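Throw the hints in and build the complete structure from the sequences for me.
There are 2 protein chains.
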Amino acid sequence: MSDTPSILIVGAGAIGSFYGAILKRAGCPVSVVMRSEYDAVKANGIQIESELGDLSYRPDQVYRDGDSPEAAPDYLILCVKVLPGVDRAALIRPWLGANTRIVLIENGLDIEREIADAFPQNPVISCLAFIGVSRVGPGQIHHNSYGRLVMGQYPNGISEDCQRLSDLFNAGGINVKLTEEVVGERWRKCLWNTPFNPLSVLAEGADTDTILDSDGGEDLIRALTEEVIQVAEADGYPMDRSIIDKQIAGTRKMTAYKNSMALDYLNDRPIELDAVLGNVVAIARKHGVAVPHLNTMLVALRMREKLKVKERS
Amino acid sequence: MSDTPSILIVGAGAIGSFYGAILKRAGCPVSVVMRSEYDAVKANGIQIESELGDLSYRPDQVYRDGDSPEAAPDYLILCVKVLPGVDRAALIRPWLGANTRIVLIENGLDIEREIADAFPQNPVISCLAFIGVSRVGPGQIHHNSYGRLVMGQYPNGISEDCQRLSDLFNAGGINVKLTEEVVGERWRKCLWNTPFNPLSVLAEGADTDTILDSDGGEDLIRALTEEVIQVAEADGYPMDRSIIDKQIAGTRKMTAYKNSMALDYLNDRPIELDAVLGNVVAIARKHGVAVPHLNTMLVALRMREKLKVKERS
Numbered sequence: 023m024s025d026t027p028s029i030l031i032v033g034a035g036a037i038g039s040f041y042g043a044i045l046k047r048a049g050c051p052v053s054v055v056m057r058s059e060y061d062a063v064k065a066n067g068i069q070i071e072s073e074l075g076d077l078s079y080r081p082d083q084v085y086r087d088g089d090s091p092e093a094a095p096d097y098l099i100l101c102v103k104v105l106p107g108v109d110r111a112a113l114i115r116p117w118l119g120a121n122t123r124i125v126l127i128e129n130g131l132d133i134e135r136e137i138a139d140a141f142p143q144n145p146v147i148s149c150l151a152f153i154g155v156s157r158v159g160p161g162q163i164h165h166n167s168y169g170r171l172v173m174g175q176y177p178n179g180i181s182e183d184c185q186r187l188s189d190l191f192n193a194g195g196i197n198v199k200l201t202e203e204v205v206g207e208r209w210r211k212c213l214w215n216t217p218f219n220p221l222s223v224l225a226e227g228a229d230t231d232t233i234l235d236s237d238g239g240e241d242l243i244r245a246l247t248e249e250v251i252q253v254a255e256a257d258g259y260p261m262d263r264s265i266i267d268k269q270i271a272g273t274r275k276m277t278a279y280k281n282s283m284a285l286d287y288l289n290d291r292p293i294e295l296d297a298v299l300g301n302v303v304a305i306a307r308k309h310g311v312a313v314p315h316l317n318t319m320l321v322a323l324r325m326r327e328k329l330k331v332k333e334r335s
Numbered sequence: 023m024s025d026t027p028s029i030l031i032v033g034a035g036a037i038g039s040f041y042g043a044i045l046k047r048a049g050c051p052v053s054v055v056m057r058s059e060y061d062a063v064k065a066n067g068i069q070i071e072s073e074l075g076d077l078s079y080r081p082d083q084v085y086r087d088g089d090s091p092e093a094a095p096d097y098l099i100l101c102v103k104v105l106p107g108v109d110r111a112a113l114i115r116p117w118l119g120a121n122t123r124i125v126l127i128e129n130g131l132d133i134e135r136e137i138a139d140a141f142p143q144n145p146v147i148s149c150l151a152f153i154g155v156s157r158v159g160p161g162q163i164h165h166n167s168y169g170r171l172v173m174g175q176y177p178n179g180i181s182e183d184c185q186r187l188s189d190l191f192n193a194g195g196i197n198v199k200l201t202e203e204v205v206g207e208r209w210r211k212c213l214w215n216t217p218f219n220p221l222s223v224l225a226e227g228a229d230t231d232t233i234l235d236s237d238g239g240e241d242l243i244r245a246l247t248e249e250v251i252q253v254a255e256a257d258g259y260p261m262d263r264s265i266i267d268k269q270i271a272g273t274r275k276m277t278a279y280k281n282s283m284a285l286d287y288l289n290d291r292p293i294e295l296d297a298v299l300g301n302v303v304a305i306a307r308k309h310g311v312a313v314p315h316l317n318t319m320l321v322a323l324r325m326r327e328k329l330k331v332k333e334r335s
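Going line by line, the protein sequences match chains A and B.
The numbering of the first sequence is the working numbering, which starts it at 23 and goes up by one.
The numbering of the second sequence is the working numbering, which starts it at 23 and goes up by one.
Bear in mind the hints are in silico, worked out from the structure with no lab data behind them.
Since the structure is predicted, the reported quantities are computational estimates derived from the model, not experimental observations.
We put the CB at the ideal spot given by N, CA and C, even for glycine.
Among the hints, a few may not be true.
Here are the computed lysine to any residue pairs in the SDA-like style, where the Cα-Cα straight-line distance is at most 25 Å [as the list claims (entries may be wrong)]: (1) K328/A to V331/B; (2) K275/A to V331/B; (3) K275/A to L285/B.
Where chain B lies over chain A, by a calculated footprint (3+ residues, C-beta under 8 Å) [claimed, not checked]: (4) 97-106; (5) 218-225; (6) 234-242; (7) 324-334.
Pairwise CB distance ranges (calculated) [said to hold, decoys possible]: (8) Y168/B to S167/A: 39 to 45 Å; (9) Q185/B to D290/A: 55 to 61 Å; (10) M276/A to K308/B: 34 to 40 Å; (11) R307/A to D235/B: 16 to 22 Å; (12) A93/A to A312/B: 32 to 38 Å.
Listed below in structure tokens is the structure:
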């Protein structure tokens, strides 16, 4: 592999487009597979306004679903949402070569297994993104804040592939924390996301202050977080319980805000229910851990989805 | 008291107007206190279309809030919804005499105490209505189905006052079951309402089939019902657990429908959250019974209400 390995972004929404720009800045050839915004990106490239400067770029190739790649990429970066209707393995299969590393920049827990099972020969690199970025028009992205990645080989370890990709992100201006235990990092991110995100949706888009200041709100968050910790422990990732106090204090210190799942809900976009909550409850069941609070949220939200399907049909 | 005691309905919505009509048919003088539909009822009386026939009537007196009564009634029937913003004691205080019996035809659990505490000298008769009735216009009511009452003295017993009122309802064409333990009857009604009603609201108006057929739905209903049973038991009202199977089978047999709380939610009317769920959780806390499933629903729904207040201000 050269010093500037080839990159293909599958699912070049806000997050994929942004990290593509960073690798472009690091000198890599970056191509994209577009779904809905092919024409705009083919014509004008990707515009990104950022505190890091103007990150706009023209991808080396702009593909759309169904095209055939000219050559398999060194790194395929998958950034689509993890949703029941989206067959992620099918999305990336046409673009993979024997030596392509699969990079997941996606939310949630246990979202790697489906991909690792489908492509046992391809290394999987799992990343968590801490970023505020949004689409403002076709091929137009606004980068609001942060951008840090936490990255590791799946299911564990730090491979040379990880190290090389991390160096490239660093060269492009993004801080990367490499971890031997990326699944543990996912559990740590879930300690906040798994309680707050679905609860904000159940409460019809409540912001963090409303959640914590409602009668019984902070106690419910504590109970939900305690359940996530118990599942993480049963799954082999022990957590320090002092994290609960720290999280609540940290959340109270921030200006009230609506998390990304709440915004998806309020904008009538699908929510990553399984990635953030369903998989946690499934792992709890596997280990025989009782999670009544988490399960109540999950089942109520599944009812909503069932009702939506029913009312559309 | 004469054979046809005087009746005053406070909160003459669909339910109050209907039961007023029944007592009118039994020969009682029936007056009403209106809030919003005073003009229509003053001009045209109350129109009720029913399978029992045309139950329309002109109340003997049509009052509005702030009026002074000509004479205190023998029975004051209160039919308003039990909501945090509604001071029920203040609503009925101006109309009570020393010998007025207070009759509550209202939903939920532990909704009598506030009234009994405020008026310790006046007997309180507590009623559960099993009825389908709806308002179709100002002073216009459609009676769809049922009408049976379960009635008892609060906190327990069957007084002569109950017996007399029951006889009048029977004379007017409505079946009344008198009970020595009206609080136990309220718990029994809660075995269905407390799980199903708030859950349907959390699920944005899901009907009974959607609730039971969702992934994990029946199990969640079972867990919620089991918690209600445990609270009822701790409160002195033991229940036979076979009731859970019976309820689920009975609900599955019915055509899918949206319960009254779901309809309130979908029509942007306030829901009786405390009467149906909050009071159950409060009693659980008093007795040290853990109710994680019920509490998750309650807190999430309280967050919604807090959010609504916040967004209106």
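Hint by hint, here is what the structure shows:
Distance check on the hinted pair: K328/A and V331/B sit about 29 Å apart at the alpha-carbon level, beyond 25 Å; violated. Restraint check: the Cα-Cα separation between K275/A and V331/B comes to about 22 Å, which is no more than 25 Å; the hinted pair holds. For the suggested pair K275/A and L285/B, the alpha carbons sit about 38 Å apart, so the restraint of at most 25 Å is broken. Closer than 8 Å: that is the beta-carbon criterion, and the region 97-106 of chain A has 0 residues meeting it against chain B, so the requirement of 3 is violated.
Check result for the region 218-225 of chain A against chain B: holds, 3 residues qualifying (beta carbon to beta carbon below 8 Å, three or more required). Counting residues of the region 234-242 of chain A whose C-beta lies closer than 8 Å to any C-beta of chain B gives 7; at least three are required, and the coverage claim holds. Coverage of the region 324-334 of chain A by chain B holds in this model, with 6 residues showing a Cβ closer than 8 Å to a Cβ of that chain against a need of three. Between Y168/B and S167/A the CB atoms are about 58 Å apart, so this pair departs from the stated range of 39 to 45 Å.
Remark: the range hint 55 to 61 Å for Q185/B to D290/A is upheld by a beta-carbon distance near 56 Å. At about 35 Å, the CB distance of M276/A to K308/B agrees with the hint of 34 to 40 Å. Restraint check, R307/A to D235/B: a C-beta distance of roughly 20 Å satisfies the suggested window 16 to 22 Å. At about 60 Å, the beta-carbon gap between A93/A and A312/B misses the expected band of 32 to 38 Å.
This entry does not satisfy hints 1, 3, 4, 8, 12, going by the numbered hints stated previously.
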